[in-house]
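Using the sequences and the accompanying hints, generate a full structural model.
In order, the protein sequence lines correspond to chains A and B.
The numbering of the first sequence is the working numbering, which starts it at 7 and goes up by one.
The numbering of the second sequence is the working numbering, which starts it at 87 and goes up by one.
If you're looking for bench data, these hints aren't it; they were derived computationally from the structure.
It is possible that some hints are incorrect.
[As the list claims (entries may be wrong)] Using C-beta positions, here's what the derived DEER-type ranges look like:
1) B:Glu-347 to A:Leu-198: 32 to 40 Å
2) B:Met-332 to A:Leu-198: 44 to 52 Å
3) B:Leu-509 to A:Ala-66: 51 to 59 Å
4) A:Thr-59 to B:Gly-625: 55 to 63 Å
C-beta atoms are modelled at their ideal positions from N, C-alpha and C, and glycine is treated no differently.
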Amino acid sequence: MSEPIATVRPEPVEGQQSDSVPHLSFDKLRTNGNQIIRDGAIVRDEWTLIAATHAEPLPAGRVIVPLARWLAERDALTARITEQNQPLGVWLDGHEDPAKLADAIHRFAVIAVNFPKFADGRGYSIATLLRSRYGFKGELRAIGDVLRDQLFYMKRVGFNAFAVRADKDIHDAVKALKDFSEVYQGSVNQPLPLFKRKRVPEIA
Amino acid sequence: MYKYDSYDQTIVDERVAQFRGQTERFLAGQLSEDEFRPLRLQNGLYIQKHAPMLRVAIPYGLLSSKQVRKLAHIARKYDRGYGHFTTRQNIQFNWPTLESVPEILAELATVEMHAIQTSGNCIRNVTSDQFAGIAHDELIDPRPYAELIRQWSTFHPEFAYLPRKFKIAVNGAVEDRAGTLFHDIGVHAVRTASGEVAFNILVGGGLGRTPILGHVVREELPRQHLFTYLDAILRVYNRYGRRDNMYKARIKILVKELGLEKFRAEVEAEWAHLKDGPSTLTQDEIDRVAAHFVDPAYEKLSAVSAEYEKRLLDNKAFARWVSRNVFGHKQPGYAAVTLSLKKTGIAPGDATDAQLDAVADLADRYSYGEIRASHEQNLILADVKLSDLFAVWEEAKRIGFATPNIGLLTDIIACPGGDFCSLANAKSIPIADAIQQRFDDLDYIFDIGDIAINISGCMNACGHHHVGHIGILGVDKHGAEFYQVTIGGSQGLDAALGKVIGPSFAQDEMADVVEKLIKTYVDLRHEDEHFLDTAKRVGIEPFKARVYDKKAGHSAAEVANV
Chain A
7 MSEPIATVRP EPVEGQQSDS VPHLSFDKLR TNGNQIIRDG AIVRDEWTLI
57 AATHAEPLPA GRVIVPLARW LAERDALTAR ITEQNQPLGV WLDGHEDPAK
107 LADAIHRFAV IAVNFPKFAD GRGYSIATLL RSRYGFKGEL RAIGDVLRDQ
157 LFYMKRVGFN AFAVRADKDI HDAVKALKDF SEVYQGSVNQ PLPLFKRKRV
207 PEIA
Chain B
87 MYKYDSYDQT IVDERVAQFR GQTERFLAGQ LSEDEFRPLR LQNGLYIQKH
137 APMLRVAIPY GLLSSKQVRK LAHIARKYDR GYGHFTTRQN IQFNWPTLES
187 VPEILAELAT VEMHAIQTSG NCIRNVTSDQ FAGIAHDELI DPRPYAELIR
237 QWSTFHPEFA YLPRKFKIAV NGAVEDRAGT LFHDIGVHAV RTASGEVAFN
287 ILVGGGLGRT PILGHVVREE LPRQHLFTYL DAILRVYNRY GRRDNMYKAR
337 IKILVKELGL EKFRAEVEAE WAHLKDGPST LTQDEIDRVA AHFVDPAYEK
387 LSAVSAEYEK RLLDNKAFAR WVSRNVFGHK QPGYAAVTLS LKKTGIAPGD
437 ATDAQLDAVA DLADRYSYGE IRASHEQNLI LADVKLSDLF AVWEEAKRIG
487 FATPNIGLLT DIIACPGGDF CSLANAKSIP IADAIQQRFD DLDYIFDIGD
537 IAINISGCMN ACGHHHVGHI GILGVDKHGA EFYQVTIGGS QGLDAALGKV
587 IGPSFAQDEM ADVVEKLIKT YVDLRHEDEH FLDTAKRVGI EPFKARVYDK
637 KAGHSAAEVA NV
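Structure (structure tokens):
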């Protein structure tokens, strides 16, 4: 089996955050046993994440390519899906526009959204749009600085897979999916707000 | 007021459990400082100079007597016997230990209170008019809408990690007592040509480092679209607001950089997808929440009370208190009383556990068990019978909350400043105290009349100095605490930002400076002009001339003395 290809993240400069490199390192990924949370269970991850800086030909097997690569090599990558019968994934960074995937959204088995740091909340809107506006039905995966205390919100905006940061205990993190048993607003995993589900008058 | 149902209670209880776990993981070293910070901030917990500071939410300023007693209990058991009411209708405790915070939150949850989203880069506790529901000039009671926004914003999954903090205020009256022009979003009720009440949505206002008045981004939004429109604004902000520089991360900067028209176009394009979607409000839900804010069982009273009129004639001190601390009421025979938390010698907004307990008793006896916190850092008993006003005054005097100074010079608005806050450049409380000490003649204060002095210890402007008629801002000058002075700021519909009068002053000069500003006003005022009117008419020059002219002489004299 091929090794995952991911860039070792450079030491962050104080107050500056890399926008383009997923917050993943090869070593740390391995220490987490290549596991992710998918649909509430801890499973082995069979996908290889391709870094934005990776310019070589793609390895065989299941790969998640950066948006730029998808846009640049769209025909070849489409052929990989349709002719070689290879499922394909694509990943977006916080500043990237999910609308760029709209016309091909059903081609992807996985769409991953990078959280350059956990307090950067752009990915929540990106996920919401991918699910509710562009109708993505496949695996929506949070990657990067993915920590336990954000998982509940991520699940609500439509993520069903979580590549928990490699130095964190994934068995601990999965517990957060059950932090709350009730919510007020509508969101992707529960479009109706509380007042349209449970607080409606009896006659409804 | 709003009473939790089982869903509200479950959500708050589960939050307590979640935060207990987060605190335990932090103390066990499983969460780093950086990882814990946003989590604790979204529970109102700051690490301050002396100890953690816990900011407890008072949604739109409304409290029951039971809740106030719980706050008194928390002050006694976990703090040093007092709390501080803030300029955003919340209360802060300055001395709890980190380990005790989960327990405090558990205690708060038993009285339907919490510290959710009182800090951090999320949608903050919603604020409103402290006279909501009783004011003469009200188009609509804003409290149901403030409560609906509280629920919509509580743990909103898409908007928990915004570029920066986000504050929403709701106003339902003709006069704007909620400061909607100075919020990230202001929701302002208006009556449409067809007689419906709708909302003007203002966006991009704020104080802080870059003070800006908000702009109307949408006129006359029908009420059922409130949530979908807020979602559209927040989504545009969450996606495009700056995250590279925290000083340019507020929505006001995005609005400024895009321009209002472009910003509006983005919001409207987003809203086109959300409008009439699942989050559209229903009349049932509006009615369900509004039913919590019906009038109490007022007695049918005459608009005048002979007993009260006689007291006014007989007792000058009482009459004086009434003239400042009592606000008219829509219900004949009732009035709203403001308890002043601005007694000289006490930090503005501070209340002890004993005072809080006494206020709860007053509310139970005279005001249907409810208390309100104002953004001017005072407390209000909203439904007092005219015939009870004298008794309330006597009780308020006993607990030190009857200073007859609402809206007067000594009703100073101030943040906790450098005595407590680790963000502050300079202290606020000693400045407030020095000014109050200087103006110790009540007749003179009454003669000066309406004036708002606002003090902030730093650019974050928690003391709202930009909108003070006299605004005082703590600045760092080569490592020393100095104060910059503005005049002419104001709140309300014709809100304005104050203008800086010149170079800053040392702490011990501040009482003199304020005195000179006041003397300038007294010399130049026309009859019936308040400080703000005179300042607007004559501009800053005469004030500046007097302050700096004398200042030069004063400093020279000081030098000579040394």
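Against the structure, the hints:
1. Between Glu-347 of chain B and Leu-198 of chain A the CB atoms are about 34 Å apart, so this pair conforms to the stated range of 32 to 40 Å.
2. Restraint check, Met-332 of chain B to Leu-198 of chain A: a C-beta distance of roughly 36 Å breaks the suggested window 44 to 52 Å.
3. Look at Leu-509 of chain B against Ala-66 of chain A: about 54 Å separates their beta carbons, and that is inside 51 to 59 Å.
4. Separation of Thr-59 of chain A from Gly-625 of chain B is about 59 Å and conforms to the stated range, judged on CB atoms against 55 to 63 Å.
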